[in-house]
Every structure is written in structure tokens, then in C-alpha cells.
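A.B. asks: The residues making up each chain are set out below.
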Amino acid sequence: QQQVKQSPQSLIVQKGGISIINCAYENTAFDYFPWYQQFPGKGPALLIAIRPDVSEKKEGRFTISFNKSAKQFSLHIMDSQPGDSATYFCASNSGAGSYQLTFGKGTKLSVIP
Amino acid sequence: DVKVTQSSRYLVKRTGEKVFLECVQDMDHENMFWYRQDPGLGLRLIYFSYDVKMKEKGDIPEGYSVSREKKERFSLILESASTNQTSMYLCASGTANSPLHFGNGTRLTVT
Chain A
1 QQQVKQSPQS LIVQKGGISI INCAYENTAF DYFPWYQQFP GKGPALLIAI
51 RPDVSEKKEG RFTISFNKSA KQFSLHIMDS QPGDSATYFC ASNSGAGSYQ
101 LTFGKGTKLS VIP
Chain B
1 DVKVTQSSRY LVKRTGEKVF LECVQDMDHE NMFWYRQDPG LGLRLIYFSY
51 DVKMKEKGDI PEGYSVSREK KERFSLILES ASTNQTSMYL CASGTANSPL
101 HFGNGTRLTV T
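So the sequence lines, in the order shown, correspond to chains A and B.
Be aware that the first sequence starts at 1, since it is given in my numbering, and climbs by one per residue.
Be aware that the second sequence starts at 1, since it is given in my numbering, and climbs by one per residue.
Hint data in this document are derived by calculation from the structure and do not stem from the laboratory.
Note that the structure is a prediction, hence the values are computed from the model and not measured.
Hints are supplied without guarantee of correctness; some may be wrong.
No more than 25 Å apart at the CA atoms, straight line, and that leaves these computed lysine-lysine pairs for PhoX-like [said to hold, decoys possible]:
(1) Lys53(B) x Lys3(B)
(2) Lys55(B) x Lys18(B)
(3) Lys42(A) x Lys3(B)
(4) Lys58(A) x Lys5(A)
(5) Lys55(B) x Lys71(B)
(6) Lys71(A) x Lys42(A)
(7) Lys42(A) x Lys71(B)
(8) Lys108(A) x Lys58(A)
(9) Lys3(B) x Lys71(B)
(10) Lys42(A) x Lys13(B)
(11) Lys70(B) x Lys53(B)
(12) Lys57(B) x Lys5(A)
Non-contacting residues of chain A with respect to chain B, defined by C-beta distances greater than 12 Å in every case (computed) [unchecked claim]:
(13) Ala24
(14) Tyr32
(15) Ser74
Beta carbons: idealized from backbone N, C-alpha and C, even for Gly.
Work out the full structure, taking the sequences as your base and the hints as a guide.
C.D. replies: Put into C-alpha cells, the structure is as follows:
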């Protein structure tokens, strides 16, 4: 069973700070790495995604950094806001053309005023 | 906007009952998925389907089955519910070129 290892399990950040969540994957055949955001009572929703042909992708305050040689990728949330408080999941597919995702165990982020 | 609708937000069932969880999507997606979500374990794939009447086992299919008679509808079946199947169940749909879209989940309690 392919795995995606996510850390930390929980994270507390002050408003305005940087939140960083890390993930590691096993297989260099994986070629799609999304991050999902989940608020209480809701299903996960796609936040941002990257493919291994680039090392970084930025959308607003959210950035994915990707290190292919280390098989790691991370989510950075700049200027974190209380509204960013949610659970974040990293995921990966299992190779080119695969639409089946394996998820990390999640990180509960709390941004305090 | 893509809408994935799960028929129940909360369900309470007794041990041994047969349970049906229903999911409908409105975007004509080929692929549909059932995950369960448990604290500290993340999302784990139970079953998925890439076409009508087709199904594939995910990582934790034991104790579950699925049905996909129409493209827009994917049902998860617990043949004989057990307490260890108490969980949040999430349905998702997508295509090969689109991200997964999730429903808001069904919280199932088996007593």
C-alpha cells in the first residue's frame, strides 16, 4: 500500500505567521500532489496542487514547495489568518494518468489572534 | 459548481443491519470514490468506480460493497454493520483531468 506521510498532526500559529506542513511520498512514479482543506462539517476541497515538473507553485498566500530528489513536498501558508484554521491533507496519485489518490493523515491548523 | 450530494448527514444503525449510503454527482464524472475518515487516520479509500457497473477495491474494502447502476450515482453498502464501521464516510467524484470533488460526508454511528 502506497503511503503519504504527513507532519505535524497539529499546528498552532499566531495570526500573521507562516504555517508549514510537510509530506513525504514513496514512489517516484507519483506525478500529482494536491493539498486539500477541510472545515468542520464540510468535505475536503482542493486548495492547490503541483506536478513534479516544477519546484514551486504559488496561489495567493498558499505555496507548494516540491523536492523531487527528496520525495517531499510542503504547504506554506503566508500571513496565516484565523479563517485558515482547518484540517489540511496532502495527497498523491500513483503514477501518470492515475486518478486514484492516497491521502496523508491530516494536519489540524489553528491560527490564533 | 460541481455538486456531490450525500443523502444523509447523520445515520444511526444497529449492529448487524444492512446499511446503504447514497451519493449523487451532477457533473457527469466518470470516476467516483468512497472514503472513510477517522481521527488520526486521515482519508482511506474503500472502493472506487471508473464506469457504470465497474468497481475496484481500495485500501480497506473488507465489510463493504458498492453499486453503480447509473453514472451519477454510487452507493456504499455495509452488508452487516459493525461498531468498527462507525465513521465519517465521504463520497467524491472526478475525471482523469479534474480534481476530486467531495460531498459533505455522512456520519455513521453503529450501536
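A.B. asks: Decide, hint by hint, whether the structure agrees.
C.D. replies: So, going through the hints one by one against the coordinates:
Annotation: proposed proximity of Lys53(B) to Lys3(B) holds, straight-line Cα distance about 22 Å (limit 25 Å). For the hint linking Lys55(B) to Lys18(B), the alpha-carbon distance of about 20 Å falls within 25 Å, and the restraint holds. For the suggested pair Lys42(A) and Lys3(B), the alpha carbons sit about 13 Å apart, so the restraint of at most 25 Å is met. A threshold of 25 Å between alpha carbons decides the hint, and for Lys58(A) with Lys5(A) the separation of about 22 Å falls inside it, so the pair holds.
Taking the CA atoms of Lys55(B) and Lys71(B), the gap is near 12 Å; set against the 25 Å cutoff, the hint holds. Between Lys71(A) and Lys42(A), the direct Cα distance comes to roughly 30 Å. Violation of the 25 Å bound is thereby established for this hinted pair. Distance restraint check for Lys42(A) and Lys71(B): the Cα-Cα separation of roughly 24 Å lies within the 25 Å cut-off, and the hinted pair is therefore satisfied. The suggested pairing of Lys108(A) with Lys58(A) holds, with an alpha-carbon distance near 21 Å, which does not exceed 25 Å.
Annotation: proposed proximity of Lys3(B) to Lys71(B) holds, straight-line Cα distance about 14 Å (limit 25 Å). For the suggested pair Lys42(A) and Lys13(B), the alpha carbons sit about 22 Å apart, so the restraint of at most 25 Å is met. For the hint pairing Lys70(B) with Lys53(B), the CA-to-CA distance comes to about 8 Å; that is within 25 Å, so the pair holds. A C-alpha spacing of about 22 Å is found between Lys57(B) and Lys5(A), which places the hinted pair at or below 25 Å, so the restraint holds.
Non-interface call for Ala24(A) relative to chain B: holds, since the shortest CB-CB distance, roughly 14 Å, exceeds 12 Å. Non-interface call for Tyr32(A) relative to chain B: violated, since the shortest CB-CB distance, roughly 9 Å, does not exceed 12 Å. With a closest Cβ-Cβ approach of about 17 Å to chain B, Ser74(A) is found to remain outside the 12 Å limit, as its non-interface label requires.
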